[in-house]
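S.K.: Chains as they are written, first to last, in numbering that gives the first Met the number 0: chain A, 0 to 354; chain B, 0 to 354.
Calculated directly from the structure, the hints in this document are not laboratory data. Model, not experiment: these values are computed from the prediction. Hints may contain errors.
Any copy, or any two copies together, can satisfy a pair, since identical chains are not distinguished.
[As the list claims (entries may be wrong)] Cut-off 16 Å, straight-line C-alpha distance, at most; resulting in silico cross-link-like pairs (EDC-like, lysine to aspartate or glutamate):
1. Lys264 x Glu275
2. Lys74 x Glu187
3. Lys55 x Asp34
4. Lys254 x Glu275
5. Lys254 x Asp15
6. Lys319 x Glu3
7. Lys197 x Asp153
8. Lys190 x Asp72
There are 2 protein chains.
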Amino acid sequence: MLAEIITVSIDGMGGDNAPDMIVGGIELACSHNPDVRFLLFGDEAQLRPLLDQNLKAKAVCEIRHTHDIVTMDAKPTAALRSGKNSSMRLAIDAVKNREASAVVSAGNTGALMAMATVVLRMLPGIDRPAIVTSFPTQNGDCVMLDLGANIECDAKNLVQFAVMGEVFARYELDIEQPSIGILNVGVEGLKGSDSVRKAATILQESNLPIKFYGFVEGDDIGKGTVDVIVTDGFTGNIALKTAEGTAKLITFFLKKYLMGSFISKIGAVIARPALEKFRTHFDPRRYNGAMLVGLNGICVKSHGGTDSLGFAHAIESGVKLIRRNFNDVIKKDLDHLIAENINKPTDQKSESALA
Amino acid sequence: MLAEIITVSIDGMGGDNAPDMIVGGIELACSHNPDVRFLLFGDEAQLRPLLDQNLKAKAVCEIRHTHDIVTMDAKPTAALRSGKNSSMRLAIDAVKNREASAVVSAGNTGALMAMATVVLRMLPGIDRPAIVTSFPTQNGDCVMLDLGANIECDAKNLVQFAVMGEVFARYELDIEQPSIGILNVGVEGLKGSDSVRKAATILQESNLPIKFYGFVEGDDIGKGTVDVIVTDGFTGNIALKTAEGTAKLITFFLKKYLMGSFISKIGAVIARPALEKFRTHFDPRRYNGAMLVGLNGICVKSHGGTDSLGFAHAIESGVKLIRRNFNDVIKKDLDHLIAENINKPTDQKSESALA
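Only chain A is shown next, with the shape it has when bound in the complex (with noise of 0.2 Å):
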C-alpha cells in the first residue's frame, strides 16, 4: 500500500531569519519524513537559490511566488486589512482550500492568529484560539495554555482551553487521562481572580469526563504536577519566557563557574558527554512549534527567532498533528464534550461550560 502524502504549506518569509532558516528547517525536515511535501510561498528570487542548496527541500518544495509579506511589527488589523497577498496570508489559505493539510508560520504572532481565526474560523463550541505548547518538567512533559493569544479571559474561555488542552495533551503527550490544573496563586479555592475561580468551579461541578486536578501554582509548572496547565494569553506568556529566562540565566551561571577555575574545567571536559545531555535536554528548539488550538485547521507558530533545526520541529509538530487526524479528532471530542455538558446540566449557580 502507498503511504499518502502530505501537503505542508509554510509561510517562507516570516522570522528573523527567513527565508534562509525556513529552507534550512524544510531541509532537515523532510529528511525524516519522506511522504510530506511542501508548498512553499514567498519571494521566488529569494526562495529558488535557497532550494539550489538545499537539494532534498528542494525535491519536495512547490514555490508559490509572493511578493508581498507581513512585518515582524504589523499591526493585526492593518495585516488583515493589506496582507491578503502575503507569504503568510496565502499559506494559511491553503489549508483553507485543502490544498494544504497544515500551514507553518515563523511570523507576527498576531497577524497570525488573526488571519487563521478570519480564514480557518473557529471549532464549533469554541470562542477563541489560544496558544498551546509542551514543557519538560521533572516529571515528563506538559502542556500548556494559553500563551499569549488571548490577553485577557473568562471563565468560560478558561473552561474551553482546558477541554482543547486535554484533547491535545492526548495526543501530543500519549496521556490517556491527562490531568488538568488551572494556574493560579495559591491552592485554596479563594485564592485568585473572579475567573480562575469561577472556571474552578465550572469543571468542579460539570459532567466533563475530565480528570480536573483544580489550582496549580508557578512552580508547578517544572515539577510536572500536572499534564495540562490552564490560563490566561499574559499570565501564561509571561510564566513561558520567565522559564525560558531562568533556563538562560542558569545554564549562563553553571558556565561560568565550570570554566572559572583550570580545574573545574578539567571537571567539565570528563563530564562533557553528561553536560552534552543536560544541554540537549533544555534546548529550546526541541520544543519549538505552538499550535493555534480551536481553529478549523491546524496552524503551528515557530519562535520567530529559532534557527533551521527549531524551524524543522515547528514543521515536525505539524506533521504528527496531521498523522493523528488532531483536528478531527478534536471536532468529534468538543461535540461529544458539548453534548456531555448539555445532556446532564451542571448546577445552575455556574454558567454553562461550552455555551
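Got chain A; can you put chain B on it based on the hints?
M.R.: The following block gives chain B in isolation, referenced to the frame of chain A:
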C-alpha cells in the same frame, strides 16, 4: 561611641517549621549582628526549651508569651477578627508601639498583609502595600513587585509600585538611579492590558525623576534588562514561582545527568568546588525575606517553608532596612515625588500618578 541597639520583633509561631527554625534563624543572625535584640512572640512553653539549646539567641531574645497563633490556612478577614492576641499580631503591634523597628514573620501571607495594613497603615500617597524582593540575574540583582499582595491592580497602583520599587532598589541594590520596566507580553506600546498600557503612559509623561525603561517581557527578568520590574500581584507571584520551579527543574536534571555515568561522576567530583559555588549562587535561602513595602513600618515576610538559614536571611533583610532608615527615606522620597508631580501637572490624558 556606643552603637545604638536595634530591636526586631519576631512572629515566633509563623511558618511550616516554626518555632524550631525561627529560634535557629535568630541564633544564626545574631552572630553577625551583635547590636540587634529580639522580641520573640509565641508560646513560651515551646520557645523556652529552644532558647536553652541556642544560647546566643537566648542572650538577645525577650519572650513575649501568647498562646494564640494564626494558622497557615486562615482567611485574612478571620485572622483580623479573631487573631488580636496572636504571635503575628502582637509582633506587628510592637512596631506600631515603637518597641521594635521591624517585624519578621514566616506566617500566612494574606493574614500578615491584612494585619500589617490595619495596624501600621499606609504611607501617604500609597493605596496598597506590595510584596517586593530581589532576584539574581545575569547582570547583578534586580527587584520585582508586587509578588502576590494584590491580585488585580489598576494603572495607579502600578505607578505607585514603580515609585516604591525605585526607592527599594536604590537602597537594597546600591544603585544610584535604578531603571524601571513594566512586565508585559511584548515591548510594543500597543501590547498588554489596559492597566499596564496606562501605567506606562503615566510614567512616560510624568515628571517623576525616575528612569523608566518601558515594557519588559518574562525573559528580561533573568537577563537583568532593568533593575526594577513592576507587575500586578497575580502575574508577579506566578513569575516568581515559575522561576523557582524552573531553577529546581534544571538543577534536578543537571544532577541526574552528572550522576548518570561513572565518568561524569568523576568529572563532577573534580568540578565540585565550582558546582558548589553555582549551587550557592541560586540558593533560594539567600534571597529569602520579602518586604511589604508601602506601610508605615518595616515588615518582612519570610518564605513559610524555609529553614533556619533562610529565616536568618529574612531577619538580616529587615536589619539592613532599619540600618539604612529605609522607612524615613521612602517617606521623604514619596513626599518629594508627590510634590514634583503635583507642582508640574502632566498631560490631561493621563490620570495623576500619585493622587
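S.K.: Among the hints numbered above, which are violated by the structure, and what are their numbers in rising order?
M.R.: 5
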